[in-house]
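Residue numbers (our numbering), protein chains in the order written: chain Y, 1 to 289; chain D, 1 to 289; chain F, 1 to 289; chain B, 1 to 289.
Hint data in this document are derived by calculation from the structure and do not stem from the laboratory.
You may find that some hints are simply not true.
Okay, derived cross-link-like pairs now, PhoX-like style, lysine-lysine, Cα gap no bigger than 25 Å in a straight line [claimed, not checked]: (1) B:Lys-284 / F:Lys-257; (2) F:Lys-153 / F:Lys-142; (3) B:Lys-142 / B:Lys-101; (4) F:Lys-70 / F:Lys-101; (5) F:Lys-101 / F:Lys-257; (6) F:Lys-101 / F:Lys-142; (7) D:Lys-284 / D:Lys-191; (8) Y:Lys-101 / Y:Lys-153; (9) F:Lys-142 / Y:Lys-257; (10) Y:Lys-284 / D:Lys-191; (11) D:Lys-142 / D:Lys-191; (12) B:Lys-64 / B:Lys-101; (13) F:Lys-284 / B:Lys-153; (14) B:Lys-101 / D:Lys-257; (15) Y:Lys-142 / Y:Lys-101; (16) B:Lys-70 / B:Lys-142; (17) Y:Lys-257 / D:Lys-284; (18) B:Lys-191 / B:Lys-153.
These numbers were taken from a predicted model, which means no experiment stands behind them.
Protein chains: 4
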Amino acid sequence: MPMSDQPLTLVALLHGPDQRGLVARAAGWIFERGGNILHADQHRDEDEGVFFQRIEWVPPAGAKPAAEEKAFLAYAREELRMNAVVTDSARRPRLVLFVSKAEHCFHDIVLRWRAGEFPCEIVGVVSNHRDLAAAARGYELKFFHLPVSATTKAQAEVRQLALLRRLGADVVVLARYMQVLSGDFLAAFGKPVINIHHSFLPAFAGGRPYHQAHERGVKLIGATAHYATAVLDDGPIIHQDVTRVTHRHSVEDLIHKGRDLEKLVLAQALRWHLENRVLVFGRKTVVFD
Amino acid sequence: MPMSDQPLTLVALLHGPDQRGLVARAAGWIFERGGNILHADQHRDEDEGVFFQRIEWVPPAGAKPAAEEKAFLAYAREELRMNAVVTDSARRPRLVLFVSKAEHCFHDIVLRWRAGEFPCEIVGVVSNHRDLAAAARGYELKFFHLPVSATTKAQAEVRQLALLRRLGADVVVLARYMQVLSGDFLAAFGKPVINIHHSFLPAFAGGRPYHQAHERGVKLIGATAHYATAVLDDGPIIHQDVTRVTHRHSVEDLIHKGRDLEKLVLAQALRWHLENRVLVFGRKTVVFD
Amino acid sequence: MPMSDQPLTLVALLHGPDQRGLVARAAGWIFERGGNILHADQHRDEDEGVFFQRIEWVPPAGAKPAAEEKAFLAYAREELRMNAVVTDSARRPRLVLFVSKAEHCFHDIVLRWRAGEFPCEIVGVVSNHRDLAAAARGYELKFFHLPVSATTKAQAEVRQLALLRRLGADVVVLARYMQVLSGDFLAAFGKPVINIHHSFLPAFAGGRPYHQAHERGVKLIGATAHYATAVLDDGPIIHQDVTRVTHRHSVEDLIHKGRDLEKLVLAQALRWHLENRVLVFGRKTVVFD
Amino acid sequence: MPMSDQPLTLVALLHGPDQRGLVARAAGWIFERGGNILHADQHRDEDEGVFFQRIEWVPPAGAKPAAEEKAFLAYAREELRMNAVVTDSARRPRLVLFVSKAEHCFHDIVLRWRAGEFPCEIVGVVSNHRDLAAAARGYELKFFHLPVSATTKAQAEVRQLALLRRLGADVVVLARYMQVLSGDFLAAFGKPVINIHHSFLPAFAGGRPYHQAHERGVKLIGATAHYATAVLDDGPIIHQDVTRVTHRHSVEDLIHKGRDLEKLVLAQALRWHLENRVLVFGRKTVVFD
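For reference, chain Y alone in the conformation it holds in the complex (with noise of 0.2 Å):
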């Protein structure tokens, strides 16, 4: 996979209470140790008195970039008192696609990921269905098929995770996988599990979303990506967008010009997640776009 060559950069999201001077302090550690600040980025919830920064340098020429960030984040935590991760841009995450027969998603975002778009190493799909087997392989991609029965849903989580675990998963992405996972799954997982909805949420949460839409007559579709959480379609939103449709359309037709939405939003919250640019804040994200 092409390996990108950009110089290395180091990236820290912090966030925390608010306190004067902290683009100052944050600044100014990294300067007097010799880096180079790229891009700073911050943001304050007024409501909630919170700060929240991205910051993306290049670390001290001949530094050890594990020793920086270690000292960054010791920095954050103990100084600014800040929550704070550290990434460096040389790592890759490792990422693991679930799919179920809806092959659009699967092939766009394994395509973008092929021409580089996407700073990751894909190291599994995985699907409850056969389908997309063939296509996977041929991508030279590992596939594992996990079938999920209303009856065995809690031993193919227990089998899913364990797989996770082997292959060392980082992120996972639900590219139009058709089963809910459960509460007791995200959290034993324990990292972020990004899904695309095919609705403009909080509208027409749930199952058949292009069904109610067309039921209600609205005149825009929609579709999100969020991470996934305990309560279904209700996780942080990473990103939306929506397309025109009219009276015209039936649901078969809202169901395909849907898919180049689900695409394009899927698409854009994983570059985003993967680029280190969101904060999840309570039910919201903050994207550092």
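With chain Y's structure known, arrange chains D, F and B on it following the hints.
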């Protein structure tokens, strides 16, 4: 007010059970009488087996529009067995604006009307507040202050109805009027009432939709123009649009950005309504744009 | 490849000098023969006095489509004095894709085609490079490598034309094919060639449009699908769309963001073309969507 | 006119050759003096090696804004070696509107201004026609009728310049003013002049852009707000947007649909300008939105 310099045309809106030959028969009747069809648009609802049509034509030279309307109506109802309404382009519906304190939709509609965008007469401005009285009179519009409180609402609706009758109202536009009209009022008025709701319905129905949207952390906010029905924010949708927001936007920002959406969506819906392009069918609309 | 499960329909595209009664007469002819009109859409160019119509109908039960087509054509040409083409929905045009090195439009079109979005047969992939040979064969498509250089261009076009004839091509799609086809080639082929240009034409015609756009500092970039003509980037426009960019985007970002635009615009234009919704008139198109 | 109830803030716009540590040094200077940074945004033009920054901060309690501005300017210019301007949020620029006969942008800007959207004072309306005199006076704005003809243009510009000086104008907005201002005028005025051009520049520069667009058969029309320069329709672009059109739209329809675009694009550009979010660099802008 500006008058159109177009030749007089007739517009028919038809709907009823689908039958073979409806397009040909309606067109044939007009042709044989000497009329000239300018636009003919139709739609079939496959689920319900219902046919919808809008035809716009120049009546035969020398014919009286009223007689042509009556003749077409008789043909449509008796021969084609369709529900039908016919209007002529010289007839300008009498519109009454309901407003409260917000002025953006009020100015927008009046200025567009003065610029010739809306083929109607604005015959009065009704408000439960006095804030827009001077502005209305500055436009040489009649302003009626009818205060409404929780205890006087039924009584106020009686006065509103009497006023609408006296003004000969054909259509009411709720331009950010902040009172809910009762089902009784709507039934008694018996004519179209167009409302602008400041969200992408069905998301965030009811009060304070921008606050709800901010709370949920959506990435798009919307506005919806719909016909008012007895069920709040549930009437047939005429038009909707959305605009992008981010974590940076406060509730006040959403309110502010939403104003432009509300103006554009309400103006477009009203234009379509006045051009006889909207057919209501159950909870939905067919818009021949 | 997937076949539509719709009943067979005929589609006629007509255009010619406007006359009273055209809508009624065409519809009447079909009705009297026992056909059932599903859609009829028309347009009048007021400046030129030209009438355009698209009619889609189910031929009479038991009738042979070919005979109905012939009969309608004769009626349209001789009685209505209109230019006319008629096609039936069972006939799937033979499409040839021209590609170079960029793969995004290539994959997008082939995947949509396999998903049933395009009613056509893709009968070959022609390229001046070998880069996409394996991918084409992976899709079980015939791949033809026809190198082109400044000195061999005329000769290459002769080979391309021979190949198109051998493949029985009805339409060519230039899916980011990076050679300009000569006017002689287009005249000799004599069938539609659809190109995707990576700008909002007429802005930034010619080479390196994203570089031109970056240089000028525009705030939106676009893509344009058009029929190729002897004058570069000047043919009738079928579809266009744009996306927002900022000062933050480098030329590489524009190229990257533009890919999604190019895919969506080309796919939509091709779908309309294959559904017989596009009429070319002078330098413009009428698109009955 | 409404006054903001926000605390006073200072905004600095900086640009100059990129150097390591600029983010940290500017932030550090403010922090050490006791200020509190609310927003800090920056951009690097990689091609040119230029650094751009916008910083907004609350000055130290008790400090005089004018003294803080002066001190920051000295630091930025002497220590950082950057071009810099600083403004404070209490200072409201004096804006002069130039109009001709079209009224939509005029009403839109004045109504938004009265609703508190624009932090400025509108100190006069200048027109080469009398059409909007009564409307301007209705808003209690001073109206100046300065007729312009081919032979009197140079002379009229002398009078316009004298008037702008007398009014103390800080910025001029050409709200569909239909005369081209000469390069001499712009040089003599020496302050920003914002124009709204009714096309997606660089497509359809010059006169009658909607006619040009209709002629070419484009599927989107646009509007562009830009700073006026000596070369017509070539100045740095601040904002652009487009809307969809079809073959059904006549030139008159484009003009009519375009009005909404023009209003929205000009209002957004003006808001950004007045909030000190726009930096001009060569033929482009950096907009810190």
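Okay, the hints, checked on the actual structure:
no.: 1; hint: B:Lys-284 / F:Lys-257; verdict: holds (20 Å)
no.: 2; hint: F:Lys-153 / F:Lys-142; verdict: holds (22 Å)
no.: 3; hint: B:Lys-142 / B:Lys-101; verdict: holds (17 Å)
no.: 4; hint: F:Lys-70 / F:Lys-101; verdict: violated (43 Å)
no.: 5; hint: F:Lys-101 / F:Lys-257; verdict: holds (18 Å)
no.: 6; hint: F:Lys-101 / F:Lys-142; verdict: holds (17 Å)
no.: 7; hint: D:Lys-284 / D:Lys-191; verdict: holds (17 Å)
no.: 8; hint: Y:Lys-101 / Y:Lys-153; verdict: holds (18 Å)
no.: 9; hint: F:Lys-142 / Y:Lys-257; verdict: violated (29 Å)
no.: 10; hint: Y:Lys-284 / D:Lys-191; verdict: violated (42 Å)
no.: 11; hint: D:Lys-142 / D:Lys-191; verdict: holds (21 Å)
no.: 12; hint: B:Lys-64 / B:Lys-101; verdict: violated (45 Å)
no.: 13; hint: F:Lys-284 / B:Lys-153; verdict: violated (39 Å)
no.: 14; hint: B:Lys-101 / D:Lys-257; verdict: violated (28 Å)
no.: 15; hint: Y:Lys-142 / Y:Lys-101; verdict: holds (17 Å)
no.: 16; hint: B:Lys-70 / B:Lys-142; verdict: violated (34 Å)
no.: 17; hint: Y:Lys-257 / D:Lys-284; verdict: holds (20 Å)
no.: 18; hint: B:Lys-191 / B:Lys-153; verdict: holds (20 Å)
When each numbered hint is compared with the structure, violations occur for hints 4, 9, 10, 12, 13, 14 and 16.
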